[in-house]
Each structure stands twice: as C-alpha cells, then as structure tokens.
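Visitor: Okay, here's what each chain looks like letter by letter:
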Amino acid sequence: MHAPVVTTGRDLRLDLFRGIALWLIYLDHIPSNVVSWITIRNFGFSDATEIFIFISGYTAAFVYGRAMRERGIVVAGARILRRAWQIYVAHIFLFAIYMAEISYVATSFDNPLYAEEMNILDFLKQPDMTIVQALLLKFKPVNMDILPLYIILLLLFPPVLWLLQRAPTWALGASLALYVLTWQFGWNLPAYPDGTWYFNPFAWQLLFVFGAWCALGGAKRLAPVLQSKATTAIAILYLGFAFVIALSWYLPDQAIVPHWLEDLIYPIDKTNLDVLRFAHFLALAALTVRFVPRTWPMLSSWVLYPAILCGQHSLEIFCLGVFLSFAGHFALVEISGAFWMQVVISLLGIIAMIGTAALVTWYKDLEGRSPGSRQKPPDADLAGGEA
Amino acid sequence: MRAHVAIGLVAVVLAAACLVAGRALAVDPPSCAVPDNLLFVDNNLNRVAAAVAKQRKLAIAVFGTGSSTLTGTDGPNQAYPARLGEALNQKLSNVMVRVASRTKAGQTADIMRRSMTDLLRDEKPDLVIWQTGTVDAIRRVEVDEFRVALDTGVEALQAGGADVILMNMQYSPRTESMIAVGPYVDEMRAVAQLRDVPQFDRFAIMRYWADEGAFDFYATGRDTGLAQRVHDCLGRALGALVVESGHLQSFVNKTNR
Chain Y
-6 MHAPVVTTGR
4 DLRLDLFRGI
14 ALWLIYLDHI
24 PSNVVSWITI
34 RNFGFSDATE
44 IFIFISGYTA
54 AFVYGRAMRE
64 RGIVVAGARI
74 LRRAWQIYVA
84 HIFLFAIYMA
94 EISYVATSFD
104 NPLYAEEMNI
114 LDFLKQPDMT
124 IVQALLLKFK
134 PVNMDILPLY
144 IILLLLFPPV
154 LWLLQRAPTW
164 ALGASLALYV
174 LTWQFGWNLP
184 AYPDGTWYFN
194 PFAWQLLFVF
204 GAWCALGGAK
214 RLAPVLQSKA
224 TTAIAILYLG
234 FAFVIALSWY
244 LPDQAIVPHW
254 LEDLIYPIDK
264 TNLDVLRFAH
274 FLALAALTVR
284 FVPRTWPMLS
294 SWVLYPAILC
304 GQHSLEIFCL
314 GVFLSFAGHF
324 ALVEISGAFW
334 MQVVISLLGI
344 IAMIGTAALV
354 TWYKDLEGRS
364 PGSRQKPPDA
374 DLAGGEA
Chain X
8 MRAHVAIGLV
18 AVVLAAACLV
28 AGRALAVDPP
38 SCAVPDNLLF
48 VDNNLNRVAA
58 AVAKQRKLAI
68 AVFGTGSSTL
78 TGTDGPNQAY
88 PARLGEALNQ
98 KLSNVMVRVA
108 SRTKAGQTAD
118 IMRRSMTDLL
128 RDEKPDLVIW
138 QTGTVDAIRR
148 VEVDEFRVAL
158 DTGVEALQAG
168 GADVILMNMQ
178 YSPRTESMIA
188 VGPYVDEMRA
198 VAQLRDVPQF
208 DRFAIMRYWA
218 DEGAFDFYAT
228 GRDTGLAQRV
238 HDCLGRALGA
248 LVVESGHLQS
258 FVNKTNR
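Here the protein sequences line up with chains Y and X, keeping their order. Going by the numbering used here, the first residue of the first sequence is number -6, and it counts up by one from there. Going by the numbering used here, the first residue of the second sequence is number 8, and it counts up by one from there.
It should be emphasised that the hints constitute simulated quantities derived from the structure, not laboratory data. The beta-carbon is built from N, C-alpha and C at its ideal position, and this holds for glycine as well. Among the hints, erroneous ones may be present.
As the list claims (entries may be wrong) - Under the rule of at most 30 Å between Cα atoms (straight-line distance), these lysine-lysine pairs were calculated in the DSS-like manner:
1) K131/X / K64/X
2) K131/Y / K111/X
3) K261/X / K111/X
4) K131/X / K61/X
5) K131/X / K118/Y
6) K111/X / K64/X
Unchecked claim - Counterexamples of contact, computed for chain Y against chain X with all Cβ distances above 10 Å:
7) V67
8) L74
9) L106
10) L169
11) L171
12) A184
13) L215
14) I227
15) T354
16) W355
17) L359
As the list claims (entries may be wrong) - Stretch by stretch, here's where chain X covers chain Y in the computed footprint (C-beta under 8 Å, at least three residues):
18) 76 to 82
19) 150 to 159
20) 254 to 262
Put together the whole structure using the sequences plus the hints.
Guide: Following this line, the structure appears as structure tokens:
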C-alpha cells in the first residue's frame, strides 16, 4: 500500500476491504449459518478480525498522524481519546442489547433438557457484578470482544503514534518486542467471571501498530519487497499450505496432515494472534497490494461502492452487524432455520448494513454543510474511512 | 464455528450416504437412529473388552455435569446414565453391567479432572464416560486451559486403569448465540484423537436429530417428555458405542443383534 502521508487522496482499498471484513464478521457471528462457509476463516488461518484491526491501525495513524503533525500531540491525543470513548459507548449499547436478548430467553424458555445451558442466565441473577464488570470491560459476552480490544488499542495509541512519527522502526520494534514478551510470559488482561481476554491486547497490538507503521511510510519502504516475484511466490505457497490445513478440518479423514506437522502447528492460538495467523494475514495483504493497485478502476465502480460505503463508517456498521447477528439468529430460532432462511437473513443483514452506511453518509454530509459548523480540513476525518 | 460447518458437511454427506446405500442404522427405535459414521469411531475400549471377557462384568462411571441429569423425582432413572445401563443390560444378558452416575452441576473440566483419583478409587470403573465442556463454554474458560484439563484428566484415568469415552456438549440452538461451544467441541475432538479415546459426539448427534426432525429442540415449554426421550436415545446410542468400541458383539443376545 502506498503511504499517503502527504497526499490527501483516500486509499479506497482500505474502505473496500474493511467493508468486506465487516460483512464477513456479520456472517460469522450468526451461529450455524450456511452462508458463513464463504468467509475466509474456512480457507486458511486468519479471519476478518485481522483485516479489521490492521486497517483500523492504518487509518488511525493516517487520520491522527496528520492531526498530530498539524496541531500537536495534545489535540491529536484528545481526538484519539474521544474516539475511544465513542467506541466504549457503542460497546455498552451493544451490551444492553445482549442483556435484552438473554432476558427474553430467560423468561420464555424453560426446557428441562437445557437446564445446564440456562446457567448462562446466572449473569442476570447478579446484575451488580455483571453490569459493573461489563462497564470495566471484563465481562464480555460471546462475539463482543473486538470493540474492547479496539478501545485498549486506541487508549494506548497517542504515545505510540508519537514514537511512530519520530522513530518508526523503533516503534515497530517495541511493538514486536511486546508481542514476543507476551508469548514468553503469558501476559493478558483478566476477564470476568474467570480467564483472560479473548483477544489479548498485548498480542493483537502488533497488527494494529504494524498497520499504523505502514500508513506512516512503512508501506513505501516495503513496496520493493511487496512487488518482488519471490514475495508473491512465497505468499501463494503459504496460502496454499493454509488452505490444505483448513481442508483437513472438514474432512474427518485426518490422513491429509501428518502427525509431526499437527504437533508443530497446533494449537493455532487466536487469543494471542498466533504467528501462523499473522503470517496468513501478511500473505493475503501482500497479494492484495500486488494485484489490486490503488488506481484499480473497479474501486470507483458501482459494484464495489456498497462495500466501500460500509468500510467508511466502520464503527456504526460494526455495531449494527453485531446487533443484526443477534437479530438474525433470533429469527432463525423463532421463525425457521431452513437453508433458504439462512441465505435470506444473511443477505438482508448486508443490505441493512449498506442502507445504514448510506444513511450515515447522508447525515454526515448534512452536518458538514450546515451553517456554523466547524470547517474541517478537506477529507481529514474520512480519509480512508474513519479511524 | 468451524465445527458447525464441519458437522453440517458431515451431516449432509451422511444423509446422502444413508439415502443412497440404505445403510443399516445403529440403534432403535428408528425415530432417533444415529448413522454409524456419526456414532462409531476407530478407537478401541480394550479394558472394557478385557473386563467383559474375563469377569462377565462391566463397571461404568458417568462423570458429568448438569446435562447428564434430569430433574424431578424420577429424573435419575430417566437420565441417560441409567438408560445406558438399561440398554446394556438388555443387550448383554450374560454380563453384569453397573452404571454409576457421578454428576455435579457447574463444574469446569479443570475442576473435574482434580477428582479423578477419587472417582477411580470409589467406583473402580472399567470405563469412565466423561461429559464436560458446557460449563467451560458458559464461563468462557480459555480453550488452552480446557484442552490441558481434558488431556491431564484423560491421562489420569488411563493411568488409573480405566477406559475413557469423552462426551461433548448438547446441541442447543436457542442458546447458540450466547454460548459459543464450537471451539470447545474442536478441542475435545483433538484431545480424543491425541489420546486415542472414543468420543461420543453428542453435539453432532443431537444436531443430526434436529436436522432430521426427530426432535424439536426449539420447543420452549416445560416438556419433560422431550427431555426423557432424548436421554433415552442418548443412552441407547452410547450403549451401541460401548458395544462397538469394546468389541462386545459376541456377547450381545441373539434376539438383540
């Protein structure tokens, strides 16, 4: 990816792939959804989370890096923290929806076969603990782990961004060192009722900082490497290898993968961003940069516009996606779980995401044009989507 | 939800295989029959085979949590451990089968594995059916921790002279968006493979029943009949697995073959 440090043009590829990642996250979050077969996690090690976090790091550095250069660390830091606060509020909103859902299930569902599963509702019996722990980001229901990770990453971002602009190599090195030390010493944040964070911020920060590093000139430095045939060949080979391994998950006959290799690669640790997952993302990114140039004509065509639109309003659309996945599963349970219904729910959800993104764009245009509003520097907030 | 996809794929393939080949089904009654490929595995129960061959006795201990029990006064007799004992005693009339049920609600795999020595001492089982994972999934215990607990637990049981069958979670469509069982299902399958023990894939079997329309797991009401029928079917299916993996076919009554 080019380093748009001085240019004002948006790299629409970021919006496009973040939009697609948001759709995939939505599809993956609906349990037992046939349509989620098409998502990338079934074809290799990494999934849409990696894309989302990387691009979020990239755009955060792009947007706030410029603010830091133009208006100083205090203003940029304040804007980053405001963004973290917005995401926190969004997360708590989603938590309220989750509580509404399990409360409904608690009062309407009384099947003795599932007495044990109903223990999930114990959280309702002690709202004092549950709600406080949720506010502290320690209690996180299923599929609500990404935003807390994002919040922590943004909270720590101002000094990281400062260092990235002074000494990018050192900043990336420090990030890598933290990743290695985390693996070495098993650092993570505590969760409630027990255990640790599902996405370990000390490990996943590597992807975020790497994205930021790329945005601040790293991509330009990597360009010769990324354009080389050797890199392309290695990336293709690695993706092929990951595909074969992924295939073995679905074929009960385990003969595909020899035992020594199984011992070597498993477990593939999502919590701590396994090296295999990171490498898989890098291979995907390398091929993407190689074969989807920034000036790709399709980027301005109507075909990809819906995905780009979603990617430009990632926070709103992400939250909507989490809500829709709850609602979609609810519909599958209450109305019908048939195959066609799963396809319909999947499509309706994506259409709702596109419609909402269009609506949000309309609102933002409205506010931007309204008299008395602060004149924004051209394209700053939306460059490459929001941070 | 890798496991879901995998199970979905398996179920489709199995359904097709059944239709095409008209395969014999493993258990009666036909309403909750389980295809062989979903039930039977390659791993053997050698201690079960030896105990039955030498002593005509088989001591089984079910070590589980809430989903191994049913409530109500008649609950213990209707839950799958008792149904398993009934099924095996019917099938193997010359063998004394005793099934002890040791269940405690709310226990994670890690808590359970700590009492393996007590279990072995108290029950002296030839076979332990270890049902676990639901509590871990509810509490979102780290999957790493879950795998280690399973692994050390199975190791302890094997070292103590018992065969092991691992049993995974129930298929529970209504709580699917709140309890992510997928990663735990995957880990248990991996441990079963690594330790060469049969796994009773309760999740896949119940899902198969749901897809086939054998049971309506979406039902909201307080239907104890449904729970009892499901447990009866689980007990029979487990019995079939014990006979198959323990190579006890020669002990099965002529009338029951």
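Visitor: All the hints need checking, so say for each whether the structure fits it.
Guide: Now the hints, each set against the structure:
| no. | hint | in the structure |
| --- | --- | --- |
| 1 | K131/X / K64/X | holds (12 Å) |
| 2 | K131/Y / K111/X | holds (27 Å) |
| 3 | K261/X / K111/X | violated (38 Å) |
| 4 | K131/X / K61/X | holds (16 Å) |
| 5 | K131/X / K118/Y | violated (39 Å) |
| 6 | K111/X / K64/X | holds (26 Å) |
| 7 | V67 | holds (39 Å) |
| 8 | L74 | holds (29 Å) |
| 9 | L106 | violated (4 Å) |
| 10 | L169 | holds (22 Å) |
| 11 | L171 | holds (20 Å) |
| 12 | A184 | violated (7 Å) |
| 13 | L215 | holds (32 Å) |
| 14 | I227 | holds (26 Å) |
| 15 | T354 | holds (30 Å) |
| 16 | W355 | holds (31 Å) |
| 17 | L359 | holds (35 Å) |
| 18 | 76 to 82 | violated (count 0) |
| 19 | 150 to 159 | violated (count 0) |
| 20 | 254 to 262 | holds (count 3) |
Taken one by one, the earlier hints fail for this structure at numbers 3, 5, 9, 12, 18 and 19, listed in ascending order.
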